[in-house]
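Visitor: Each chain, letter by letter, is given below.
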Amino acid sequence: DAGITQSPRHKVTETGTPVTLRCHQTENHRYMYWYRQDPGHGLRLIHYSYGVKDTDKGEVSDGYSVSRSKTEDFLLTLESATSSQTSVYFCAISEVDRGFSQPQHFGDGTRLSIL
Amino acid sequence: AQSVTQLGSHVSVSEGALVLLRCNYSSSVPPYLFWYVQYPNQGLQLLLKYTTGATLVKGINGFEAEFKKSETSFHLTKPSAHMSDAAEYFCAVSSQGGSEKLVFGKGTKLTVNP
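So the sequences go chain by chain: A and B. For this note's numbering, count along the first sequence from 1 and bump the result up by 27. For this note's numbering, count along the second sequence from 1 and bump the result up by 81.
In isolation and in its complexed conformation, chain A is listed as follows (with noise of 0.2 Å):
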């Protein structure tokens, strides 16, 4: 399995607090994702990297920030959390070899439920 951490793996908060979340991988990936998945939903994509300090928005980033400092973490963060933010976060991970793009790999999620 690619080796990818995500904490906390649950989280209950309230509304209004900031939250930030976290994505560690050990594969030395250049492109980092962030998705939210809600039922009827699929996978949306929040935010991803391309490369430390290299960040662009996806579909849903209103409401989310995200940072990467190194090259094996990726913080997503919500400045002011809304019960609509609740849901299951999932971080994943790729890489360009030889001009191809491979598959993504996820971690494993984090549940957030926002009071």
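It should be emphasised that the hints constitute simulated quantities derived from the structure, not laboratory data. Some hints here could point you the wrong way.
Straight-line Cα separation of at most 20 Å, SDA-like style, residue types lysine to any residue; simulated pairs [what the hints assert, rightly or not]:
#1 B/Lys187 / A/Val87
#2 A/Lys84 / A/His56
#3 B/Lys187 / A/His68
#4 A/Lys97 / A/Val87
#5 A/Lys38 / B/Pro121
#6 B/Lys187 / A/Glu86
#7 B/Lys187 / A/Gly67
#8 B/Lys130 / A/Tyr58
#9 A/Lys38 / A/Ile141
#10 B/Lys130 / A/Glu122
#11 B/Lys187 / A/Glu54
#12 B/Lys130 / B/Thr153
#13 A/Lys84 / B/Thr153
#14 B/Lys187 / A/Asp135
#15 A/Lys84 / B/Glu181
#16 B/Lys187 / A/Pro66
#17 A/Lys80 / A/Lys97
#18 B/Lys190 / A/Arg71
#19 A/Lys84 / A/Leu48
#20 B/Lys130 / A/Pro130
#21 A/Lys84 / A/Arg71
#22 B/Lys187 / A/Leu72
Please build the complex by placing chain B on the supplied structure of chain A, with the hints as guidance.
Guide: Frame of chain A, contents of chain B only:
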């Protein structure tokens, strides 16, 4: 823009029966196509991928999928369902040689009845 449509949010089959999960995509450039499987309380696991070359792609656990450009489809099949195949399946598309981003379908939950 790319998109993926998975027909049927729930599919139910009997053990030993054919599994057919449908996926249609929209892409203005040659696509990369993927099927992922998700077991309860786990992340997504890659089943198979199509990039270039042979249009019939074999994956893990006896699954295969065929890329049909004329039909913009990438349906997933397995000749004989096992109880252990019960899971949610996601089809995804990305662009060849371009963005590394994936666009996912909404998923199909497969139930296998004894």
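Visitor: Hint by hint, work out which the structure violates, then give me just those numbers in ascending order.
Guide: 4, 11, 13
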